[in-house]
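Read off the chains here:
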Amino acid sequence: MTRASTPRRALEGAGDPLAGLSSVGHRRLARWHLALALVMGLWGGLDALFLRTALVTPGLEQWPAETYNAFFTTHGLTMLFLFVLPAIWGFAYAAVPPLIGTDDLAHPNLAVWAFWLQVPAALAVRSGTIGGILGVAGLEPIASGWTLYPPLSVLSPNPAVDALLVGLLLVAVGTAATAVTLVATIQRRREIRWLDVDTFTWTVLTAGWMALVAFPVLAAAIALLLADRTLGTAFLLGGRGPLVWQHLFWFFAHPLVYVLVLPPMGIVGHVLPRFAGRRLFGRRSSVYSTLAIGVVSFTVWAHHMFVTGVGPSVRTVFMFTTLAVAVPSSAKLCTWLVTLWGGSVRYSAPMIAVLAAVGFFVVGGVTGVFLAVVPINVRYTGTYYVVAHFHFLLAGFVGLSLVAGAYYWYPLLTGRRLEPGLARLHGWLTIVGVAVTFGALLFVGLAQLPRRVATYPAVYAPLQQLATVGAYVIATGQLAFLLNLGRSLWVGDPAPDDPWDLEDGPSHAREWR
Amino acid sequence: MTPHPRDAVERSDPVRLICLATIVSTHGLVRLAERYLPEFLSALGYGPIVVGLLVSLGLGTAVAASELSSADLGGDATPALESTTVAVLAALLAAVGLLAWAGAPTLDTLLGTPLTALGWLVVGIVLLQAWHVRGPTRRLWPTDTRAGPLPSSAADDAHARSDRTVLVPDKRTHVVLGALGIVAAAVFATTAVASADSIRGGFALVAATGAAVAIVGAVALGTVGVLPSLFGDPSEREERTGVTSIDVDPSLGVVRRAVSRLPDRRRWAVIGDALVRVAIAGTVPFLVLLVVDYRAIGLSIGGLSLAPAAVFGLFVLAEAAGAIAGAVASPTLASRVDRRLLLAVGLAGLSLLPMALVAAPASAAAVAALFGLLGFRTVIEPLRPTVGASARAAPVPGPRLPDEIRTAVRVAVVPAPLLGGILYAINPLVAFTVATTVGLLGVRELGRAFSFGRDA
Ligand SMILES: [Cu+2]
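Those protein sequences? They're chains A and B, same order as listed. With numbering that gives the first Met the number 0 applied, the first sequence has no gaps in its numbers, which climb one by one up to 512 at the end. With numbering that gives the first Met the number 0 applied, the second sequence has no gaps in its numbers, which climb one by one up to 455 at the end.
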């Protein structure tokens with residue numbers, strides 16, 4: 000075999016940027032998505048940093064309350080739609096084709112257009128911030144929360160809300176198109192048997208199908224909202240209008256959470272055995288649990304609406320469906336833990352991130368199960384408890400899984416290596432920061448402090464300050480990551496052919512062959 | 000031959016640089032928080048006597064802790080590993096201490112403890128001494144406003160024998176690094192205090208940021224595994240060999256005997272210098288109260304106007320800049336100017352600064368210049384008799400200063416802030432005048448030492 004090694008092939012065609020605009024290989028698509036995710040992730044992270052800074056003092060010292068509201072709104076929108084989503088598609092483009100033995104995407108042109116839609120989408124979503132900073136007439140940062148509940152979102156005179164809605168429409172269209180590309184690639188271009196398809200690809204396939212169901216609902220809901228705002232209709236106003244929005248929105252948004260969580264689960268299931276020196280235990284059950292999550296997560300949305308007056312029997316049904324999602328999730332946790340059991344663990348940067356992700360998954364999962372129980376939910380919904388819960392999952396589990404994927408596949412994508420010391424530093428700072436920040440917020444939440452309020456009773460200042468300290472630690476960690484990336488682009492020492500020494504291991508993965 | 004690229008990469012070692020940067024920043028933010036603490040205390044309703052008491056308590060804890068910790072340094076743990084663990088712990092304790100400060104007003108209500116805000120401030124002070132005594136930056140400037148280890152002479156001896164100079168380049172690095180950390184922290188503190196409406200908000204921001212950077216430093220230290228070589232092994236070794244003779248409890252009798260064993264002029268010089276140290280240590284904690292409350296020196300440039308509390312950060316910045324200038328100028332001045340003259344003029348000038356700060360015109364520029372001069376004291380630091388330099392080139396030559404005396408000087412500095420606080424409570428003018436008087440008395444003692452030398 001004289002075929003060039005995988006990392007070497009990574010940069011093929013990279014020297015010709017313009018040729019890539021219309022038809023490109025999957026690796027370039029991966030790099031585009033990940034670059035967008037990086038930029039938007041930093042921007043959304045900056046929002047979080049500002050809002051954490053505002054919370055150092057219980058009163059309004061630095062910014063007015065409206066600015067604070069804008070910070071958490073844009074933070075949520077940016078992180079969910081413009082950071083995690085493109086990051087997931089980026090890793091999918093990077094790893095899935097080699098894992099299923101192909102070099103071709105099913106609809107490469109569709110994939111390219113889907114990506115380029117995300118750039119105007121990102122600008123439109125952030126137009127309030129951009130306009131606010133540049134002083135463009137009338138544009139103000141949106142401060143209604145990422146859930147855009149009417150009537151506030153319908154009645155707001157801020158033109159940035161319209162821009163945001165158009166941006167989200169573009170996100171929905173682009174995401175659906177990307178999902179089509181990935182699903183079709185896995186189903187049609189696969190050169191291996193279904194039985195041999197790995198767990199990460201299964202999670203991407205499931206997430207792709209889920210996106211194909213969920214995002215059209217988002218598009219429809221946004222169309223109604225836009226119509227109410229611009230055409231004078233009243234779909235979402237008046238009596239049950241706001242509830243219609245909530246049903247539509249959460250029917251989309253809870254599956255969205257699993258679109259964002261499943262591929263990270265796949266990354267954990269993919270990376271963890273490779274540094275534990277073993278094969279993934281219970282591979283088949285892990286595939287079934289992926290599919291189960293994909294189906295069941297469409298039946299739980301009303302758990303976000305327990306306090307909106309839905310009937311008690313409805314609440315009970317949704318409580319049990321929500322608890323049901325915990326079953327396949329726990330099954331996944333078991334496969335990871337059993338795989339670790341007795342394995343010989345190598346603590347490289349991806350593995351450190353994966354292990355921490357599993358830990359945060361446990362914390363986020365347990366706090367989530369409590370939240371599913373109606374009486375507890377009624378008490379804690381709208382408090383920092385919820386913030387802590389979903390950040391343990393999204394920042395702790397998803398975030399660190401993405402970090403793991405970034406380190407693990409970086410040589411595949413760029414043919415270069417990252418500095419391991421900086422990588423470990425990045426990992427540890429992120430882990431410590433997440434634990435401190437959301438641990439502190441969990442305690443704030445147990446005291447039932449309402450979230451999304453710019454001021455709070457002075458009693459909670461120490462815990463809020465601790466959370467801010469943690470946020471600063473996370474931020475510094477990401478600087479270490481940027482430094483590592485910059486250094487790698489600048490110094491650019493090439494990655495070895497088998498960067499993780501997997502060749503002789505029991506779980507040598509197809510993407511490195 | 001070109002080196003292998005991998006080697007070049009390993010040598011630049013970014014993690015070590017980050018480690019160094021965060022530790023130096025932690026140093027700066029801890030010092031800035033300490034400098035702002037009196038203002039925070041006064042915002043919480045405590046007077047200057049409490050300020051002095053707290054600062055004295057911190058100094059006392061540091062002296063006690065450093066004596067105790069240096070006494071049991073004889074264990075056979077791997078030095079590098081042990082010092083890393085200690086440094087990580089020190090950084091984490093500093094973070095907890097800063098958080099205790101920031102949260103002091105409400106920690107009782109939150110945790111149900113009966114400590115009161117003052118109690119939590121005390122907890123913070125005590126925890127921060129771990130950073131001052133065993134933290135990786137304990138040799139960084141300013142060491143003279145702390146009761147931490149004074150620069151010691153063993154390393155000087157080695158250098159002095161080799162190149163006949165008391166000015167060890169290592170120490171200049173320590174001054175410059177420490178001052179740079181303070182410059183960075185001062186810029187941040189000015190911004191933070193200016194952006195917050197009250198000193199309470201600004202102080203909480205500085206302390207919380209300090210805690211965050213300290214945690215980053217701890218993680219970075221843990222990742223590197225061994226301390227960056229910049230924070231010197233030489234001092235570490237010197238400490239190990241030097242401590243064996245230290246009495247854990249240098250009783251008055253022991254000190255008196257050690258003092259009496261000194262030749263007269265050496266004794267006068269040491270006492271004189273110690274008096275100046277006492278004067279400065281009793282002044283520094285109250286500078287912020289003087290500048291912000293008593294004199295209320297604000298600043299407005301163009302459309303931007305800064306409240307006095309924010310301007311104080313700029314004054315500290317001027318002081319750090321002066322320190323760098325002093326460290327840079329020190330070798331040149333010491334080789335061109337008569338060292339005795341330099342020392343005497345330097346200490347006299349230093350002693351006059353408290354009065355000058357009270358009397359200076361109420362312009363930010365004038366006060367900043369005085370702060371710059373205060374920082375410039377680093378120019379004479381290597382010449383000061385209490386440092387114990389034994390080089391033949393020292394202004395008051397002699398053998399290495401006994402450890403008992405070095406400890407006694409550190410102990411003597413401890414009550415200075417408390418006395419300063421009591422005097423400041425009577426009248427700020429009184430406190431700063433007394434400080435200058437004490438300092439000038441010290442200079443007179445030093446003069447006796449010099450004239451004695453001239454006669455002999
Ligand atoms: Cu949900």
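No lab work stands behind these hints: they were computed from the structure. On a predicted model such as this, the values are computed, not experimentally measured, just so you know. Note that the Cβ used here is the ideal one computed from N, Cα and C, for glycine as well. It is possible that some hints are incorrect.
Stated by the list, open to error - Here are the simulated distance ranges between beta carbons:
# : chain 1 : residue 1 : chain 2 : residue 2 : range
1 : A       : Arg282    : B       : Leu88     : 53 to 59 Å
2 : A       : Ala325    : B       : Ser304    : 23 to 29 Å
3 : A       : Gly485    : B       : Leu88     : 50 to 56 Å
4 : A       : Pro150    : B       : Asp292    : 57 to 63 Å
5 : B       : Leu88     : A       : Ala325    : 55 to 61 Å
6 : B       : Ser304    : A       : Leu59     : 56 to 62 Å
Claimed, not checked - Facing chain A, a subset of chain B residues (Cβ under 8 Å, in silico):
# : residue
7 : Ala219
8 : Thr222
9 : Ala306
As the list claims (entries may be wrong) - Over the 12 Å line for every Cβ pair with chain B, so calculated as not near, a few chain A residues:
#  : residue
10 : Trp42
11 : Trp115
12 : Val212
13 : Trp427
14 : Leu428
15 : Thr475
To see whether the hints hold, each was checked on the structure:
1. A/Arg282 <-> B/Leu88: 53 to 59 Å: Given range 53 to 59 Å: violated, Cβ gap about 43 Å.
2. A/Ala325 <-> B/Ser304: 23 to 29 Å: violated, 57 Å
3. A/Gly485 <-> B/Leu88: 50 to 56 Å: violated, 32 Å
4. A/Pro150 <-> B/Asp292: 57 to 63 Å: violated, 50 Å
5. B/Leu88 <-> A/Ala325: 55 to 61 Å: violated, 39 Å
6. B/Ser304 <-> A/Leu59: 56 to 62 Å: Since B/Ser304 and A/Leu59 have Cβ atoms about 21 Å apart, the given range 56 to 62 Å is violated.
7. Ala219: At 6 Å from the nearest chain A Cβ, B/Ala219 passes the 8 Å test, so the hint holds.
8. Thr222: Constraint on B/Thr222 satisfied, holds at 5 Å.
9. Ala306: Since chain A brings no Cβ nearer than about 13 Å to B/Ala306, farther than 8 Å, the hint is violated.
10. Trp42: Holds, because the least Cβ-Cβ distance between A/Trp42 and chain B comes to about 21 Å, which exceeds 12 Å.
11. Trp115: holds, 34 Å
12. Val212: holds, 42 Å
13. Trp427: Non-interface label fails for A/Trp427: nearest chain B Cβ at 5 Å, not farther than 12 Å.
14. Leu428: violated, 5 Å
15. Thr475: Incorrect as stated: the minimum Cβ-Cβ distance to chain B is 5 Å, not above 12 Å.
In this structure, the earlier hints numbered 1, 2, 3, 4, 5, 6, 9, 13, 14 and 15 are contradicted, and the remaining ones agree with it.
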